[in-house]
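Trainee: Below are the chains, spelled out letter by letter.
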Amino acid sequence: MAFLELTGLTKRFGEVTAVEDFDLTVERGEFVSLLGPSGCGKTTTLQMIAGFEQPTAGSITLEGRDLVAVKARNRGIGIVFQSYALFPHMTVAQNVAFGLEMRKVAPAERQRRVEQALALVHLEALAGRYPRAMSGGQRQRVALARALVIEPEILLLDEPLSNLDAKLREEMQLELRGIQQRMGVTTILVTHDQTEAMALSDRVAVMHRGRLVQVADPLQAYENPLTDFVSSFLGKTNRLEGRVLERQSGGCRVAVGETTFEAPPPPDEAAAGGGRVIVSIRPEKVEFRPAGAGLVEGRAAARIFLGDHWLYQVETPLGVLLVIRQNAGPAEVETGGSVGLAWDPAQVRLLPYEAQA
Amino acid sequence: MTRNGPFAFLFSALFVVFMTAPLVVVMGVSLTPEGFLEFPPSGLSLRWFRAILENPDFIDAAWISLYLGIASASLATVLAVPAALAIGRRRFAGRDFLLALFMSPLTVPTIVLGIAFLRFLSQFGLNGTFVGLTLCHAIFITPFILRLVLASVTGLDRTIEKAAESLGASDFTVFRRVTLPMIMPGVVGGWVLAFITSFDELTVTVFIVNPSTTTLPVRLFAHITQTTDPLVASISTVVILFTVGLMFLIERLYGLDRLLVGGEGR
Ligand SMILES: Nc1ncnc2c1ncn2[C@@H]1O[C@H](COP(=O)(O)OP(=O)(O)OP(=O)(O)O)[C@@H](O)[C@H]1O
Ligand SMILES: [Mg+2]
Chain A
0 MAFLELTGLT
10 KRFGEVTAVE
20 DFDLTVERGE
30 FVSLLGPSGC
40 GKTTTLQMIA
50 GFEQPTAGSI
60 TLEGRDLVAV
70 KARNRGIGIV
80 FQSYALFPHM
90 TVAQNVAFGL
100 EMRKVAPAER
110 QRRVEQALAL
120 VHLEALAGRY
130 PRAMSGGQRQ
140 RVALARALVI
150 EPEILLLDEP
160 LSNLDAKLRE
170 EMQLELRGIQ
180 QRMGVTTILV
190 THDQTEAMAL
200 SDRVAVMHRG
210 RLVQVADPLQ
220 AYENPLTDFV
230 SSFLGKTNRL
240 EGRVLERQSG
250 GCRVAVGETT
260 FEAPPPPDEA
270 AAGGGRVIVS
280 IRPEKVEFRP
290 AGAGLVEGRA
300 AARIFLGDHW
310 LYQVETPLGV
320 LLVIRQNAGP
330 AEVETGGSVG
340 LAWDPAQVRL
350 LPYEAQA
Chain B
0 MTRNGPFAFL
10 FSALFVVFMT
20 APLVVVMGVS
30 LTPEGFLEFP
40 PSGLSLRWFR
50 AILENPDFID
60 AAWISLYLGI
70 ASASLATVLA
80 VPAALAIGRR
90 RFAGRDFLLA
100 LFMSPLTVPT
110 IVLGIAFLRF
120 LSQFGLNGTF
130 VGLTLCHAIF
140 ITPFILRLVL
150 ASVTGLDRTI
160 EKAAESLGAS
170 DFTVFRRVTL
180 PMIMPGVVGG
190 WVLAFITSFD
200 ELTVTVFIVN
210 PSTTTLPVRL
220 FAHITQTTDP
230 LVASISTVVI
240 LFTVGLMFLI
250 ERLYGLDRLL
260 VGGEGR
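Residue numbers (numbering that gives the first Met the number 0), protein chains in the order written: chain A, 0 to 356; chain B, 0 to 265.
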């Protein structure tokens, strides 16, 4: 039996459908991210798990027990909000102790567990401070300690790192993952940052307009997206509209404009749409060839240095293609230079056709 | 002063002078040794302050005003806090009507209100009683508290209450441990404002007191309609000093407030 099970979960606000027919199972100790663009229903889903929103339809069960009927305060769920939501009139230690007080934990035991939780997030020294005298990153840690100290069945994180600057966010990501693994707490993270979701989670659940589009481990979702939306949302990609010309053994031939090349077998939906498909080629899968020796020929229009890699924009008959190359010594291609582009046919992805969102 | 130009400075200075001038005059007059109102005083004497002690009916009236202020401000606070929470954060039918109802004492002319209260209290045989006065003052000062509490409720981050709830707090515990401490500045400020409003209310009160419940403003008013000795000035000076002292005390207490409430959870 799955640990947490969401079945057919639906939430409507009057006319607006925020979440529709959402199915997800989460195993004990797993770290799952809900990923999707703004307004796709991530927060609403989280609020239903936490008990702050009542589902319009569907069920939520924890180890087979129905959660929908349980009040938020009895669900034993730890939440960290984007705004931290610390109690401004309490010190750090009092903030963290609050959940234990509610559970009537004896003072000595309470103190011990508060200290332990603060040590976990490296805030022992600030136990007596008030939240207003702390930095964003420190407040975030307090919020995390406060949620973890009650030893929750599930930890819910709603964009917990989005208010932090890039460097601090990266640090907190590593720390969060470390703490989650040490404590083994089942965690659901809501984010619209795909790198964050991929870096932290065992599995990502990609949402689009209230629906779950794909659930998979990060590598799988990135390498084998099920839809055009997932492929464009997770990382960068070269998105082309193409047509399947003919099936071959173990693959097919596709045309994008006048150019044709080989690709893996097309999705089943392609036949119905008269062979129309979306062709997706990740920029890091594209390689440079000497001019005249590529699958397509182009001109390097721009080149951006990004530290560990170069990002090229190459004008080709297919349109402008992005190419990412490792920074291993001098740049391979000068701006303005003619160049051929090639890729392994197995790295091309053909996806069901959708009009550009 | 570099950021504010000379005109801004002049304006502020004039404003302060304008606001405090009457108070300075009253305090000056109270120090006169003469038997009539004069300013500036021809000498300095505490004669009219001693005179207060020889007029026990003024002291009794002051006690009544004090009790009345405390009772009515507290009663109004108990009404206004739940009302502000409901009005400030819920959408329900009749919400605007409820707000207008609570705020109406500000818009009805006080003299009309006084007559209405008089009729109302006579109906229930409460006219001239302390209970009657407390009820009427509470109604009259509720808008002052409601406004301040409403302002702090509107600025409240609801996720903080959700956080408390998810940590296992019941609705009442959330209110007592989280919501109330967060709106405390508004509540304390509103209470003080209401207390002061009640303490110097005259127009409404004149209609509904009797000799045993005469408040200080009513007593003073009665006094100056008969004589113009500097006794009113010395009593006013005491009231001014009392009010300033109260403000100072609240400032200190309010500064300590966070510590007091925060220290509870240990
Ligand atoms: N209380 C509400 N009343 C009406 N509509 C709502 C309410 N809460 C959310 N919605 C709508 O439901 C949809 C999903 O909202 P939700 O907050 O779950 O999005 P989200 O994925 O968390 O977005 P973001 O990344 O911007 O936080 C949105 O269209 C939103 O306008
Ligand atoms: Mg959200």
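Incorrect hints may appear among the rest.
To be verified - As a list, the in silico DSS-like pairs of lysine-lysine whose alpha-carbon atoms are at most 30 Å apart:
| # | chain 1 | residue 1 | chain 2 | residue 2 |
| --- | --- | --- | --- | --- |
| 1 | B | K161 | A | K103 |
| 2 | A | K166 | A | K235 |
| 3 | B | K161 | A | K70 |
| 4 | A | K235 | A | K284 |
| 5 | A | K103 | A | K70 |
| 6 | A | K284 | A | K166 |
Keep in mind the hints are simulated off the structure, nothing from the lab.
Trainee: State for each hint whether it applies.
Mentor: Going through the hints against the structure:
Pair hint K161 of chain B plus K103 of chain A holds up; C-alpha atoms about 19 Å apart against a cutoff of 30 Å. With a C-alpha separation of about 21 Å, the suggested pair K166 of chain A and K235 of chain A falls inside the 30 Å cut-off, and the hint holds. The straight-line distance between the Cα atoms of K161 of chain B and K70 of chain A is roughly 12 Å, inside the 30 Å bound, and the hint therefore holds. Of the supplied pair hints, the one linking K235 of chain A and K284 of chain A holds, its CA atoms being roughly 11 Å apart against a limit of 30 Å.
This hinted pair checks out: K103 of chain A and K70 of chain A have alpha carbons roughly 18 Å apart, not beyond 30 Å. Distance hint between K284 of chain A and K166 of chain A is fulfilled; the C-alpha atoms sit about 28 Å from each other, no more than 30 Å.
Checked against the numbered hints given earlier, the structure satisfies every one of them.
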